[in-house]
Amino acid sequence: MPSADVVVVGAGLAGLSAAIALAEAGATVQVLAAGHAATHWASGGLDVAALPGSPTARAGVLQLAAIGTHPYALVGDALEESLAWLRATLEREGLRYDGELDAPLRTVPSAIGGTRRVAILPAGQAAALAPWTAGQALVVCGPAGFKDFWPDAIAASLRRPAVWGDATPPSMVRAITVELPGLAGLRNLDALELARRFDEPGWRAQALDAIARALDTDGAGRGLGAAAGRVALPAVLGLDDHVAVLEAARARLPLEAFEVPLVPPSIPGMRLYRVLRAALRRHGGRIQVGEPVLRVELQGGRVSAVVSSAAVRELRIRTDALVLATGGIAGGGLLATADGRLEEPLLGLPVEAPAVSEWLAADPFDPAGHPLEAAGIRVDRELRPVASPGGPPILDNVRIVGSLLAGQRYLRERCGDGVALSSGWLAARSLRGMVAPPPAGTGEDMS
Amino acid sequence: MTIAELVGQATVGEVGFSADQCLKCNVCNTACPVARVTDLFPGPKYVGPQAQRFRSATALAPQGLGLPTIATPDRTVDYCSSCGICTSACPAGVKIAEMNSRARAVRRETVRAPFRDWLLGQTDLTGRLGVAFAPLANWTLRNGLIRALIERVIGIHRRAPLPVFARRTFQARWAARPRTRASSPELGPERAVVYFHGCAANYYEPAVADAAIAVLRRNGFETIVPPQVCCGLPLISNGLYADARRRARQNLDVLADYARRGYRIVGTSTSCTHTLKAEYREMLDLDDEAARVVAEATWDISEFLRELADTGRLDTGFGRLDEELPYHAPCQLKSHGIGLPALDLFALVPGLRAIDLDHDCCGVAGTYGFKREKYDIAMAVGAPLFERVRASGAARAACDSETCRWQIERASGTPMRHPVEILAAAYAAGDAAGMRSGAAAGPATTRGDVVAE
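The listed protein sequences correspond, in order, to chains A and B.
Residue 447, in the working numbering, is where the first sequence stops; the numbers in between run on with no holes.
Residue 1453, in the working numbering, is where the second sequence stops; the numbers in between run on with no holes.
It cannot be assumed that every hint is accurate.
[Claimed, not checked] Short, incomplete list of chain A residues facing chain B, as computed with Cβ under 10 Å:
| # | residue |
| --- | --- |
| 1 | P2 |
| 2 | S3 |
| 3 | Q30 |
| 4 | A38 |
| 5 | W85 |
| 6 | Q288 |
| 7 | P292 |
| 8 | S304 |
| 9 | S308 |
Please keep in mind that the hints were generated in silico from the structure rather than gathered at the bench.
Beta carbons are placed, not taken as given, at the ideal position from N, Cα and C, and that holds for glycine.
Taking the hints into account, I'd like the entire structure generated from these sequences.
This is how it looks when you write it as structure tokens:
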């Protein structure tokens, strides 16, 4: 250094997946990120596809792939392979994910009393995946004084059958607010504070006792029997020691518990970021957070160096390849200009975008999605940027991954994590031969 | 008054203005090592950009409308350790730590700093006195009863990792060194660098200066040691900006002259070099030509040596160091935005297996962890790091910042070294091996002497 076989710009799921897979393959990898974001803002689940009317995530993926211009059209089997790879990678670091692409999409409650349809969730949330059967109660339980999770309001909303769409709702929804020990007088009781307290074994035991007692005395637990209900808790069940907290909750609570992700900062998202970072470092990858990338240098039609800001001068990293995982409009990967264009600021790549007249949709929550969502960079089969569909690659050693890819409507299609993961993994496969010759004699090929 | 003027007043330069970019996403709170361990600090979001709105409102309040003036709404800003991790984590580019530092300085204009905070900022005064009376001073500061008294009267925690005074300042030894070669200033910027030793190497750790000078000479650079004072960072972190500006001015007057002539300013204290690079301008508003030219000329020593390596000019005659070396990258180093140059250099030493501990902060954050009311916080922040250093069983570990070294060494029991000391040891190992094989040649024979007592 400062040189790396590959520089990855962006530390969300797409960038880190690419970085880990490349580091695993023996490449020296430098991740550069302007700050934390994507993981810390998301639910910690893996949204692959949840289209209205489509029964499974896989059906959604196939439907999107058939559009032709959607990133899933390029992915093929890589989605399944990358998902298996990611789950194995995360599990090695202690974080398990449950659910299947082919299982029916499940309707799970959200922290504002709505629902969302999901297929793959981290272990802490996974108990929400089982369908509700007749006689089963949902108990929404939260700590008193916690402003990001209001059991009464959530339960009131979840009692409306319409919220559950086509899914069978629980037979009964109850709300319980519990006084947890030692929280009185705290001025800032946030998710982070609760998660860290759950990490302490002593406090954890007391808190679980309090929750168990509340469930018992309310009749929800003992009265109904464990098989007859599940309890929804805010996603604060530990940060460093989440696995132990989950085990303790299973052992102590009369009902099966699942976490409901909250408004940012997302504790499940932080858990995901931490294990991804640990996996990257385990394979020798490096990550620098806090300095934005200023520009990319080209030589002979190829990226030759990436320059990031520094206290003075600049940090210039020579590289053989660049993975651009800078995100879409929300992440800063695309910038809107005052005169109504979208720009990709690092390489000035052509952006496929709707006309400025479509930017201000009448209904920003239109079920058809917002036109701007689909804006992004068009790529070829190797994820190299192109000026127009079918055109030649603009830069041979650049790969575009994640929400910067054109053609996805991640809010409507709920495909953001699947696109991020599979494109990151594909980029790594595509670059692997270029930057790190496979070990001699193994003949192993990721494809 | 025009709107533009009002806005200008309200935003205290770039630092204050950046509060407008805050999305309230809470990412800074998730990254803050202090909020992680104590309820006394609500977190950077609340103290930083959120409170900044009230500070801006104060500046904006038109005269005569009877609006309340709010100085700085939350005294918990004092519990910010200034590690800067929040600024790094922010995806929106808000300068949170810088905002907090300025808020602390504003507070100091109305609420007088405790004597203890003033004293911790006077590193030249305490350093010079301590060295002058080193045996007595060191005995005093290691006496439990006296330390208990100091804690009670002054507020410096009895277990704070105060360093040991050297018998002689580095400056004094340098002035008295035998001069056998051409005096360095005539060598020109291609063959000499200006050394900013900082207070640590001057008063406490002259071995770091020795190692730096030896390693620089090994690579063809003589060392110029101009008169210099504390960079001012301890004053900045304690909110004493006026004092800090005076120190900065003194340093700039001397250093700018060298910088204009093309000399590079190389420092062994990564927090001093970061102060020269960034804080004079960002915190102290000394954004003139002198401050800019000095900032551009300043290098952390590992950054400088890595630059030599990248351009093929580093003497890589390192001998074998067969050891696992735990390494902690301090917060101040991360604020440089230069990657991890020490690790890049360690990778060039045969046999050396450096382990990046990847912990956010050791807790001490300059003088923060010395303070009675903050010592426990600092220890809790660094606890996982200390445990990892201890558990490694390594004979020594490395870190670029002095107060971090003192904190980690005290808490883990593992001797801590500056990266340049490790490199000096690697050169020495190379020379010894060369001599054993009777093949000492080239750089090994022209190696300069280490400045020694």
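Hints, one by one, checked against the model:
At its closest, the beta carbon of P2/A sits 6 Å from a beta carbon of chain B; the interface hint therefore holds under the 10 Å criterion. Given hint, S3/A at the interface with chain B, holds; its Cβ is 8 Å from that chain's nearest Cβ, closer than 10 Å. The interface hint given for Q30/A holds, since its Cβ lies 8 Å from the closest Cβ of chain B, which is under the 10 Å cut-off. Interface hint at A38/A: satisfied, since its Cβ lies 9 Å from the closest Cβ of chain B, which is below the 10 Å cut-off.
Hint on W85/A is violated. Least Cβ distance to chain B is approximately 23 Å, over the 10 Å limit. Because the closest C-beta pair between Q288/A and chain B is about 6 Å apart, less than 10 Å, the hint holds. A cut of 10 Å between beta carbons decides the hint on P292/A: the least distance to chain B is about 7 Å, and the hint holds. With a least beta-carbon distance of about 14 Å to chain B, the hint placing S304/A at the interface is violated under the 10 Å criterion.
Because the smallest distance between the Cβ of S308/A and any Cβ of chain B comes to about 7 Å, under 10 Å, the interface hint for this residue holds.
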